[in-house]
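Below are the chains, spelled out letter by letter.
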Amino acid sequence: MKEFLLERPNLFFISKREYFTLIAAILASLYCLFNNDKPQIDAMRALFLDYYAILQEKFSWARKLAELQRENTELRRKATQMMLENTQLREAVLENHRLRQMLNFRERTSWNFRTGRVITKQRDETPVSVTIDIGSDNALRPNMPVVTPEGLVGKLYKVYHHTSIVQLMLDRNFSVSARVQRSRVLGIVTWSERSGLELTAVPRTSDVQIGDAVVTSDSSALFPPGLRIGLVSGTYEDKTSLFKTITLQPDVDFSRLEEVYVIISPKTVLSN
Amino acid sequence: MNVTLRPDCSCGVVRRTVGAASRQLDSPMIRIVKYLLMFAFLALLQTTLIPLLSIKDVYPDLLLIGVVITGIRHGATPAILAGCLVGFVQDAAVTQFYGLSSLAKSVAGFVAGYFSREKVKYNFPVTVGVVAATALTNSVIYQVIYYFDSHLGPGWIVLRYLLPHFFYTVLVGMMVHAVWPGGLWGKQ
Chain Z
1 MKEFLLERPN
11 LFFISKREYF
21 TLIAAILASL
31 YCLFNNDKPQ
41 IDAMRALFLD
51 YYAILQEKFS
61 WARKLAELQR
71 ENTELRRKAT
81 QMMLENTQLR
91 EAVLENHRLR
101 QMLNFRERTS
111 WNFRTGRVIT
121 KQRDETPVSV
131 TIDIGSDNAL
141 RPNMPVVTPE
151 GLVGKLYKVY
161 HHTSIVQLML
171 DRNFSVSARV
181 QRSRVLGIVT
191 WSERSGLELT
201 AVPRTSDVQI
211 GDAVVTSDSS
221 ALFPPGLRIG
231 LVSGTYEDKT
241 SLFKTITLQP
251 DVDFSRLEEV
261 YVIISPKTVL
271 SN
Chain Y
273 MNVTLRPDCS
283 CGVVRRTVGA
293 ASRQLDSPMI
303 RIVKYLLMFA
313 FLALLQTTLI
323 PLLSIKDVYP
333 DLLLIGVVIT
343 GIRHGATPAI
353 LAGCLVGFVQ
363 DAAVTQFYGL
373 SSLAKSVAGF
383 VAGYFSREKV
393 KYNFPVTVGV
403 VAATALTNSV
413 IYQVIYYFDS
423 HLGPGWIVLR
433 YLLPHFFYTV
443 LVGMMVHAVW
453 PGGLWGKQ
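Listed in order, the protein sequences are those of chains Z and Y. Heads up: the first sequence begins at 1 in the numbering used here, then just goes up one per residue. Heads up: the second sequence begins at 273 in the numbering used here, then just goes up one per residue.
If you are wondering where the hints come from, they were derived from the structure by calculation, not from laboratory data. Heads up, some of the hints might be wrong.
Stated by the list, open to error - Under the rule of at most 25 Å between Cα atoms (straight-line distance), these lysine to aspartate or glutamate pairs were calculated in the DMTMM-like manner:
no., chain 1, residue 1, chain 2, residue 2
1, Y, Lys393, Z, Glu18
2, Z, Lys239, Z, Glu193
3, Z, Lys239, Y, Asp421
Keep in mind that this is a model prediction, so the values were computed, not measured.
Using the sequences plus the hints, can you model the full thing?
Structure, rendered in structure tokens:
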């Protein structure tokens, strides 16, 4: 019977027509009834609202739960959005700080720069090269010095139209003539896998102390003089050798390189 | 008439088992006109003769008797519709309490139609019962809403208004049953 009625829903309505008619008549009557301005209707309306308020209060936990869930979702979304905005702002602050430093550095010097942004770098503990987003279209040539406000980074190794590969000081094939800023002792800075950045070819009798700053010397054909390289972190003497081994702590944090300067007119620098 | 009535129990309840042929040969439109005339006649009596029969502002509801007639002769659906429409007219013409009589008479029509002769065997006690159930339903709904939140106590409302209206309407219903051609059930 049930299946029969389900197959023919109109028969269901016909067989129950008196109930549907009654519901329709009651609804129509109630509609008219509650549109009256009679005090009885006002009283019924007030009573209904009272009971409705009580029921609503009884079952408000479900609505509150749903609202809490929705609010929680919305707050989580906002928290995520604010976290992202905060991250962006923090990045902007740091970038602003770096750019200000670079601007000061640029203003301090009369060198001609091109600013490059590091687009790829090795994830090794001691990366030997990075790629920057400027190249020969920006008047870059191989062997141009690459610096940051902290000091020397390396030099251009390969130059393409829009990108360049920077050979970092951490590459063992990299070397630069340098001197101890305080005592003017000359040496050659290279990378040693054994002890890191080293100042080599320094005579044993030279005056070198821990904490001394090491800068590029004026005898280099590629690098302008006075660029900071690092601080002396240790000196070792081998009695069988004529030279000291001096380890350096580089001024530049190579793991956090983001923007670099390429000095495009070192000759001018030298002449200045 | 192709209808067979089979007793289901000793209380007189029967079910129609064969055929569904019309009891009346009138077309639906003629039937509607007849009932409109009947309700117009009852309304005329209600507004002219019945006030003369009122006892302490208690008087019977002849229009409800018309709804009962519609219900027991044609079933619940016509009775609900008749009750609703007559109630609306009564609200508009008499009480200005729109929706009250129509609500009471709609539900009363359902009650009257629920005991239509397709389900209940025609006899006098059943007729009294149907009229009483219908009148009681109508009175309860009407009086409860009409005197809602009034200064009158519920006991006073029941004794002063509800029961007198109910009994007076049942009494007049029985009188109509006695004088109406074929009674409230009509010709079998």
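Hint by hint, here is what the structure shows:
1. Y/Lys393 - Z/Glu18: holds (20 Å)
2. Z/Lys239 - Z/Glu193: holds (22 Å)
3. Z/Lys239 - Y/Asp421: violated (116 Å)
In summary, the structure is inconsistent with hint 3 from the numbered list given earlier, while agreeing with all the others.
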